[in-house]
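Under the working numbering, the residue at position 77 of the sequence shown is numbered 88, and the numbers go up by one with no gaps.
Read the hints as simulated data drawn from the structure, not as lab findings.
Please note: incorrect hints may appear among the correct ones.
[As the list claims (entries may be wrong)] Each pair of labels, with its calculated beta carbon distance range:
no. : residue 1 : residue 2 : range
1   : Tyr40     : Pro73     : 37 to 43 Å
2   : Lys69     : Leu99     : 38 to 44 Å
3   : Ala19     : Val123    : 28 to 34 Å
Don't be surprised by glycine CBs; every beta carbon is placed ideally from N, CA and C.
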Amino acid sequence: MGQLIAIACGGAIGALGRFGLHQWLTPLYNGRFPLAIFVANSIGSLCLGLVYVLIVEKGLLPEAWRPFLVVGLLGAFTTFSTFSLDTLRLIEQGDWPIALGNIFANVTVGLVAAFVGMQLGRWL
12 MGQLIAIACG
22 GAIGALGRFG
32 LHQWLTPLYN
42 GRFPLAIFVA
52 NSIGSLCLGL
62 VYVLIVEKGL
72 LPEAWRPFLV
82 VGLLGAFTTF
92 STFSLDTLRL
102 IEQGDWPIAL
112 GNIFANVTVG
122 LVAAFVGMQL
132 GRWL
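Please build the complete structure, drawing on both the sequences and the hints.
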């Protein structure tokens, strides 16, 4: 039961964080590229790489924090489903270059960010 509560609490914080990021970025950027989701996925990938190393490899954070941080907080902060929907909407609108850019940017930057987070965690 404790894990479920940890996941729910982390998920609530992560979802609110993503919503807040979207609310903050939307007035600053009026382009067609889904910037808020890209930023959330990039930050989340970096943090996930870092948290993974700190918990699994180094044991600097207790394993008990994993459901809260990884499944709840970062799982709700990042979003593959919204990335997918945004990309499909761009394709339906005929914005193929932006759709392909969105796919490339999210996957590439997400992988690089996770790698950087892991390296940062190993350096600490």
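Hint check:
no., hint, result
1, Tyr40 with Pro73: 37 to 43 Å, "holds, 38 Å"
2, Lys69 with Leu99: 38 to 44 Å, "holds, 39 Å"
3, Ala19 with Val123: 28 to 34 Å, "holds, 31 Å"
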